[in-house]
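Trainee: Chain by chain, the residues run as shown.
There are 2 protein chains.
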Amino acid sequence: MKKMKLIVIGNGMAGIRTLEELLKLDPDLYDVTVFGSEPYPNYNRILLSPVLTGEQTIKDIILNDLGWYEANGIRLYLNCRVTQINRARKQVIADDGTVAQYDRLLIATGSNPFILPVPGNDLEGVITFRDIRDVDLMVDAATRLEHATVIGGGLLGLEAANGLASRGMKVSVVHLGPTLLDRQLDAAAAGMLQTSLEMRGLSFLMGRQTDAVLGNEQGRVTGLRFKDGSELDTDLVVMAVGIRPNTELAMQAGIYTDRGIVVNDTLQTYDPRIYAVGECVSHRGIAYGLVAPLFEQAKVAANHLAFHGIGRYSGSSTSTKLKVTGIDVFSAGDFNDDNDTEAITLADPVGGVYKKLVIRDNRLVGACLYGDTVDGAWYFRLIREAKPIAELREHLMFGEGALGDTGHAGEISVAGMPDSAEICGCNGVCKGTIVKAIREQGLFTVDEIKKQTKAASSCGSCTSLVEQLLISCIGGAADIKPKSEKPMCGCTEFTHGQVRKAIKEQHLISIPQALRFLEWRTVDGCASCRPALNYYITSTWPGEAKSDAQSLLVNERVHANIQKDGTYSVVPRMWGGVTSAAELRRIADVADKYHVPMVKVTGGQRIDLLGIKKEDLPKVWKDLDMPSGHAYGKTLRTVKTCVGKEFCRFGTQDSTGMGIALEKELVGMTSPHKVKLAVSGCPRNCAESGIKDIGIIAVDSGWELYVGGNGGIKTEVAQFFAKVQTHDDVLEHCGAFLQLYREEAFYLERTCHYLNRVGLDHAKSRVVDDAQNRAELYARLKFALSFEADPWAERIEKTPARREFEPLHV
Amino acid sequence: MKKMKLIVIGNGMAGIRTLEELLKLDPDLYDVTVFGSEPYPNYNRILLSPVLTGEQTIKDIILNDLGWYEANGIRLYLNCRVTQINRARKQVIADDGTVAQYDRLLIATGSNPFILPVPGNDLEGVITFRDIRDVDLMVDAATRLEHATVIGGGLLGLEAANGLASRGMKVSVVHLGPTLLDRQLDAAAAGMLQTSLEMRGLSFLMGRQTDAVLGNEQGRVTGLRFKDGSELDTDLVVMAVGIRPNTELAMQAGIYTDRGIVVNDTLQTYDPRIYAVGECVSHRGIAYGLVAPLFEQAKVAANHLAFHGIGRYSGSSTSTKLKVTGIDVFSAGDFNDDNDTEAITLADPVGGVYKKLVIRDNRLVGACLYGDTVDGAWYFRLIREAKPIAELREHLMFGEGALGDTGHAGEISVAGMPDSAEICGCNGVCKGTIVKAIREQGLFTVDEIKKQTKAASSCGSCTSLVEQLLISCIGGAADIKPKSEKPMCGCTEFTHGQVRKAIKEQHLISIPQALRFLEWRTVDGCASCRPALNYYITSTWPGEAKSDAQSLLVNERVHANIQKDGTYSVVPRMWGGVTSAAELRRIADVADKYHVPMVKVTGGQRIDLLGIKKEDLPKVWKDLDMPSGHAYGKTLRTVKTCVGKEFCRFGTQDSTGMGIALEKELVGMTSPHKVKLAVSGCPRNCAESGIKDIGIIAVDSGWELYVGGNGGIKTEVAQFFAKVQTHDDVLEHCGAFLQLYREEAFYLERTCHYLNRVGLDHAKSRVVDDAQNRAELYARLKFALSFEADPWAERIEKTPARREFEPLHV
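As given, the protein sequences belong to chains A and B, one line each in that order. The numbers in full-length UniProt numbering rise by one with no breaks, and the one at position 479 of the first sequence is 479. The numbers in full-length UniProt numbering rise by one with no breaks, and the one at position 313 of the second sequence is 313.
Heads up, a few of these hints could be off.
No distinction is drawn between identical chains; accordingly, a pair holds when it is met within one copy or between any pair of copies.
[Claimed, not checked] Calculated lysine to aspartate or glutamate pairs in the DMTMM-like style (CA-CA distance at most 20 Å, straight line):
(1) Lys504 - Glu544
(2) Lys645 - Asp565
(3) Lys593 - Glu583
(4) Lys546 - Asp524
(5) Lys614 - Glu646
(6) Lys454 - Asp700
Don't read these hints as lab results, they were simulated from the structure.
This is chain A alone, in the form it adopts within the complex (with noise of 0.2 Å):
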């Protein structure tokens, strides 16, 4: 079958994005031909900041080589500008008299610098700052002229002016507004900033309008005449007022454009066969001038060139960032304070800190950080998420990392750490490393680093220092999105959000109906779904869906904890706790007996037996005689306990008790991760129920509930949940919130995350205050618990189940 043709017009960023999301999904379909008008390969226009300060060369910001068109069939045409759409004939036309014939056409011509129409904007010396010929220009200019200024205070003249600067020439920057970055900073930051460039040796002329740029009789650049007359000498004058969607071709060729080219949720243009992408397009009446969009916008067009038939557009809220080494500027989403909104400020001129966050309607809509931008893609995933912040607002202005800070070694700001800096601590791998990769291999996501570094691959703790180091190499091109916004996995389009509805509505009992009526791109799914699919269809339908053994992590199958070299360790269950000292002569017993080379009290109040060998365990657990502690897979783990009022002093009630209580019932639960709880007898706490997933605290008059605590990789303190009077009050709410997290939870989300996403007063309203809904969900769990017998005592009784555990003798 003869393939069909696609032509992309434009070889920059949108259009090479979309092709290249286009060939992951069927690189087959078409027959693709790029024109594209400089004379290089795709490359990262982003980064020409760095390229002209001199921190980078034009080779670290190539994306795709000329290797990489080949290695992909795709006919390049360099410094080839097209001319003409025919869209009768379906062809194009180029200035080199190229004409090709095209089946879907894509155009993603981008933006023009806009040029001031003023006299002698066509002097020699008179420049913009767009792309690698700008940049050259640039470059060598400061090696001959002394003077350079920019007109234009935004994002571009700035990085324009401090790269001058930094190459050795006297700066001016022009502005029209009375502050710097209109668009990006309030009065109050821009004057930081304006401060700060000018301790750098840049000097500003703020509120002047130009009105002409004079020149000698050799045609060459002289110096600027402003509205009030005055005039200013300069050798060099960058234009950086902005950009122009490029829309005249397509205009040329009778497709509907306003400010740009005018695109649906499809990115499909008023003309069926022809898709734009980029920042030549008009989408919702927004232009977009930064990398993320575009991206967002590849994927959809890619997937409708596919004929997927997936995918909206639905607009993008966006972030950036000053690329200025050394001056943290970060914003994002609508910052401008107005009548509907509300703003908090903090304000610390002297330590170079500034930050405005505004608010609408109950939520983030706006950020702007000047000095301290750690928390920048924190906020800007509030405003992308849209959650409710109220009970947020507090603690909002100090950043996600205020409740807890191990686990990263204390750092939080990743931009003044040395390029030796150890970010994660699993792998070694450096800032420097990853840096690099960023830059040269042109990642966009903290997906792509963990793939090409192993960065924040293993436990995940320094994912947030990955995603600050992304937004401080690329700014608001960093692609960073919320689990609740992404696709479960390769396998499907669609989100975990979404995936467990279907299985709720649809009634899918089973992965390979799940799989089928998701329309999953692969037969069996992955390693990564399957397992999430398999947890929710059974916590949806317990009774009725059985749990799929292939769809279990190993420890999980076999019920027990691999171990570096292969054998498994050994936990069982004490309640509470509490044991006698006929179970510890029956452990001492197997020790001996099976030649257990380690024996060691666990932290879980538990003792583990490792380094048991996989054929011996069913023989194991038989000796033991004692029920699976669960201390592997994601089902409740342990209830830690003090001594409580029965033996300790200060004890206001029997911890202990209540403890032994709470896991007989919830014993066997599975969840979206594990699950740990602890009960203390007093406010001392020595069963540290602060770090806990469900932390008790006894006190004179009853029992406080703590949830969403965490010791692990990131320690993170568990927050007030709710105040009861009886034992059976404990029972019923601690049960009723593991279901709502068992219901809601995404698989793998602890229930910090969860909480953290969801927010804890729904979950508050959904336990404490809503006594019907309260006993509903306590109900449900107790029906899934009633499925649930334990592992061991199964297996050892089952032949079947038991041989999976026989070595096989070949």
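Once you've looked at the hints, dock chain B against the given chain A.
Mentor: Just chain B, lined up with the frame of chain A:
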């Protein structure tokens, strides 16, 4: 022996507090006479505002009723004004003709409201707001008159205005300056305050200078005329434009005065027989108008009146609070920003929150809080401690509660809590009970609240809530002192720091020596100071000083943990949590042989035998044949470990081995409080290092050390301390940090509290940055540890020690 005569002129808060302090020191020294010009016994003047609003009654605010004077043998003249002091004859003469003789005279005449020197200021209906009579006048006026005008928008003026409004009057406030509370708030906060008072119906005339009070023919006030010619009709005028020290009597007697009666640091006037305290005095040029400084003065004056000769008054930092229910305003220190200072501001106008922190020379010097005053007490402590705040700076605005809130039900604002809310979980004390005690019993310190209500007297986790309650009830009168400024206990005037210094400098190696040198007030010290002294002496002079058994708490004396029923719990040590079949069997045997009612695995990775009789302890230890776990007392407890790279798939280092090495090195180390360590083999942090005094996390390239975590009463997340490479580095850094803590922390200060006091940077500079100092600290620790032996090994061998455990048969 005939008693000396002491006369107190003034029956107010300062004078009577001085008497109270004096009676505590030496109840029989003086024959005391008090002259009071009001008809009431000593009352709490700062609570006149709630009396005016009707929230409290006169009865509620009486501090010492007539019975108190009688019980203490004090001659009290009420309604009696002293008109003359005859210093030559050492007499005072009162307006009723009474003549009284003194050996020592205490002037506590307080202050007078300032009356504007304008025509009409003596008309009927022009009053002030100073005493009970003024309140009576206002309450009466509110029943008959309609429109009240308060001149002065300071604390007192606004409280008067609010009170009159709440009694139903239409109230205008006339203020000279452009903003309210200009001595307490900056313009931003003042604007928010004004808006919120306007919403309560108050109206404001700002920037108006009163020119005359207008009246009718009956000599009754009818209005005000201002400098700008405008007039205001009114039925009542309250002048609240400031106070003036009442120095008339002193001046008349020829005692040197400037603004007030001039006193030196012992509160002595220029006549050595005459002391003065309270609002009437001028100390180092400052006349205080708030209660807290007066109480500090009272303490010092009493000391000198009692001829103890200890104590100097060196001035006070002050804090104030507007006592208007529902409007939270708090300010402390010097919050007016100037050229020397740096201000950090947080503004959330819609949320009704404004905070300003003023920093000078890296110290917090002032705070102004509107809307959210929860952290007022913390800021006030920081101001008084004058601690460098560089490392806190980023978090300063966030408040003290930022790091964790477990243990006091997560509530952070007491103002909004209902009276029935439980503040102290240990003792079941509600907010209402505490507030009632503060008001009715005139409490000013947390210690007094502890004594009267039991709140905060057990685990102490609610201390900061109690401080907040104190501030919200009595504002600036709350006496909130950091431990470092308080005397060690009632036996001495010296602080922990002073005692420790003396022990070192004077080479004091026994408790009797120390008590003698430091002139202890009690013969043998008390249960509070003896253990502290014992720790300071033994830790300062290891090898030389011997631990005094009588100064140890019972657990430390018998080396086991006493339980509720008088039995003991025994926890043998398992190095790094690792045990063996043989140990488990021995434990099982002991459990059976001694009928141990409960065997429980602990969160510290050991096994606890509960319910052992005292007389069985030596035998149990002998049979166990394991070292003591020191699960009692102020020593190293456990070093928790995870299984590390020896077994775990994720482990990056041998964490178990490291834990064992640390535990073996540090075993037996005495310390100011218990010390817990943990070592995790990777950032997954299964040993929960984030809440330990020292938490260690292995990473691919070495070890990260965290310090100051706490999993108990208030969950505190450990802070990053250092990253080190080798096994020996870990031992040395941990040892040096612990030795620093041993040398510098006050007795019963956990590492988190110690670090909170001295600052993490201090510890880093001594241990991490200074290799020589680190080596010296480590060497001192090793020297001290060289004298430690296992306490049970000792007891089992030596008969005398063992005898203690044998029951007495009588």
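Trainee: Need the list of violated hint numbers for this structure, in ascending order.
Mentor: none
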